[in-house]
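A.B. asks: Could you put the whole structure together from the sequences, leaning on the hints where they help?
Protein chains in written order, with the numbering used here: chain G, 328 to 536; chain D, 328 to 536; chain R, 328 to 536.
Check each hint, because a few of them may be wrong.
One copy or two, it doesn't matter: identical chains are merged, so the pair holds either way.
[To be verified] In silico lysine to any residue, SDA-like type, Cα no more than 25 Å apart, as pairs: (1) K357 x D393; (2) K357 x W500; (3) K357 x L467; (4) K357 x I521; (5) K357 x R531; (6) K357 x L502; (7) K357 x G444.
Just so you know, the hints here were simulated from the structure itself, not pulled from any lab data. The model shown is predicted, which means the values in this text are computed figures rather than measured ones.
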Amino acid sequence: MVDDSPLLLTLELGGIFVFAISGGLVAVRKRLDVFGVLVLAGATGLGGGFLRDMLIGATPPAALADWRYLLVPVAAGMTTFLFHPTIGRMERVVSIFDAAGLGLFCVTGALKALEFGLGPVPAALLGMLTGIGGGIVRDLLAGRVPVIFSSELYATPALAGAAWAVFAHDRGWALVIVAIPGVVVCFGWRVLAIMRNWRAPIARGPSSV
Amino acid sequence: MVDDSPLLLTLELGGIFVFAISGGLVAVRKRLDVFGVLVLAGATGLGGGFLRDMLIGATPPAALADWRYLLVPVAAGMTTFLFHPTIGRMERVVSIFDAAGLGLFCVTGALKALEFGLGPVPAALLGMLTGIGGGIVRDLLAGRVPVIFSSELYATPALAGAAWAVFAHDRGWALVIVAIPGVVVCFGWRVLAIMRNWRAPIARGPSSV
Amino acid sequence: MVDDSPLLLTLELGGIFVFAISGGLVAVRKRLDVFGVLVLAGATGLGGGFLRDMLIGATPPAALADWRYLLVPVAAGMTTFLFHPTIGRMERVVSIFDAAGLGLFCVTGALKALEFGLGPVPAALLGMLTGIGGGIVRDLLAGRVPVIFSSELYATPALAGAAWAVFAHDRGWALVIVAIPGVVVCFGWRVLAIMRNWRAPIARGPSSV
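C.D. replies: The structure is reproduced here in C-alpha cells:
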C-alpha cells in the first residue's frame, strides 16, 4: 500500500539518498577507501529499513527486491567520494534533507510494521528505529558511539512522527492524513532542534565509575 | 509453552529489568542523554532475545507482541536515569540479579530454540546467546569491546545452564526438572565467579602483532 | 542444491576454518580470554552466512542445523588459542587460505540468494556480503573499524566472483561453470592484491571536519 504511491516512493528514495550522503561523509573523513565509502553510504541509507524488516520478518527486505533502492545509495556514495569538499561545506543543507528523510522513514516504517500485524506501541518504536537505525549502523561501522545517543535531539521527533502515523492509521483515516502530519511533525521538530541546538537532558550528578 | 507460566513470565520480566539497569548504568557513565539511556537499557534487556528470534526465524520477536516486554526496559531506563548514584552504589546487588537473569534467559532461550526445531547443540548455543547477547549489544553501542570477552567468567555458566535444559528436555522430563536445575547451575556458578573473581584463561605466550 | 555436493561442503567447511582462525588471532592479540577467542572465531567463520540468511529469510541458518558447521569454528578457535605463536608466524599462508574462503563464500552466497528468489543485483551483493560479513562482525566485536574498509582490496574481488556466479547461473549453465570461474576470479584477484599490496583509492583532497 505505502509503497505503491509514486510520490512516497520518490520521497523514500530521496530520504535514502540524503542518509547515504551522511554515511559517505563520515567514511571520507575517516579516510576509508572508495569501497568503505560505498558500504557506509549503503548501510546508512538502507540500514534502518533492513533492521525493521529483519525484526518483523519481512524478508527479504524490499530494498533487495527493487534495484532502485540499491542504485540510490551507490550514486550517493560515489557523489560523496568525488565531491566531498563541496558537500561537506553544505552540511547544514544536508542536515535539513536528513530531517526530511527521518520524517518520511519514521512514518513509512511504522505503517509497514502495522501491515505486518504489530501492535501500536511496537509499530511506533519500529517506525522510530527505521528512522534512526541507519545512523546507528553508520556510527558502529565507523567505530564511534552513535551520535544520536549523546549529541543531538534526533530520536524523539522520529518517535513523535511514528506515533502520529500509528494513531491516525488505527482510526482508519486516509493515508494523506496518516502520513503528512506525521512527516511534518518529525521534520519540523527536528529542524527546530538543529536551528536552536536543542539537546536531550543528561543524567544529573556525578556518575560513579 | 514456556511463556504461558505466570511464574516464568515474572522471572523473565525481572531478568529484562536487571539487564536493562546494567545497560542504563553504562549509558549514564558514558554521559549519554536520556534517550541514549533508554535505548541502551532496551537493547541490553531485549537484545539477546531479539538476536535469538531473528536467527531462528521467530519474527516478530515475542517482545514486540507484548507491551509488558517493552514497558519493563523503559521503566528500568528511567529508574537508572533518575537514581543512578544510588543504583551505582548497589552494583554488587545488581550483579546478583543480573546472574539470575542470565540463568533464566539461558534456559528459556534454549527451550524456545528447541520448540523451533533446532538440534540440541545449536539450541544450547542459542540459549547461551540469549543470555549474553544483550550485554554484547550494550557494549557495542557504548563503543567498548564486550566485557564478557575479556574480564569475567560469564558465558560458560550460561552455556552450562542451557545445556542442562536441552539435555533434560530431550529426555521428556517435566518442565520443572528441565528449568530449575538449569537456572540454578548457571546462577550459582555465576555468583561464585563474581564472589571469587574467577576468570577464564587467556592465551599463553607473547601475541605476535 | 549447492550444499549437496561433498566437494563444496568440504570447501565451505575449509573456508569457515580459515576465517575462524583469523578471528581467533585477532582475539588473542586483543588479550581476550578463551571464550572470547571462541566467540570471535565463530562469529568470523559463520557471521557472513548468518547475515545473509537473516536478510533473505533463510532461518534458522544452515549452520545451526548441521553440527559440522559449529564444530569447525570451535576447533579453529581452540587451535588458535593453543598454537597462536606458530599460526601468527604463518599469517601469509593464512591469508592465502582466507582468499580461498572468500572465493568460495561469495559464490555459494550468491547462489543461495538466487535460490531464495532474489534478483541478480541483490544476489551478487549478498554473495559479496557472505564473503566479507564475517570479517566485519569480527572487527566490530574486537572494537576496531573493519579493516576491509580502509586497508585492503578485499570486497571488490568478492563482488566480481559473485557477479560471475549470478551471470552464469542466469544463463542456466552447469554448476561447474557457474562456480569454478567465480571462485578462481575472486581468489586470484585477492591473492594478487595481497602479493602486490593493491589498495582501493581513497578520496582526494582535504576532508572537512
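A.B. asks: Now look at each hint and say whether the structure bears it out.
C.D. replies: Verification of the supplied hints:
{"no.": "1", "hint": "K357 x D393", "in the structure": "neither (30 Å within a copy, 40 Å between copies)"}
{"no.": "2", "hint": "K357 x W500", "in the structure": "neither (46 Å within a copy, 43 Å between copies)"}
{"no.": "3", "hint": "K357 x L467", "in the structure": "both (13 Å within a copy, 16 Å between copies)"}
{"no.": "4", "hint": "K357 x I521", "in the structure": "both (24 Å within a copy, 23 Å between copies)"}
{"no.": "5", "hint": "K357 x R531", "in the structure": "between (33 Å within a copy, 13 Å between copies)"}
{"no.": "6", "hint": "K357 x L502", "in the structure": "neither (41 Å within a copy, 41 Å between copies)"}
{"no.": "7", "hint": "K357 x G444", "in the structure": "neither (41 Å within a copy, 36 Å between copies)"}
When held up to the earlier numbered hints, the structure conflicts with 1, 2, 6, 7 and fits the remainder.
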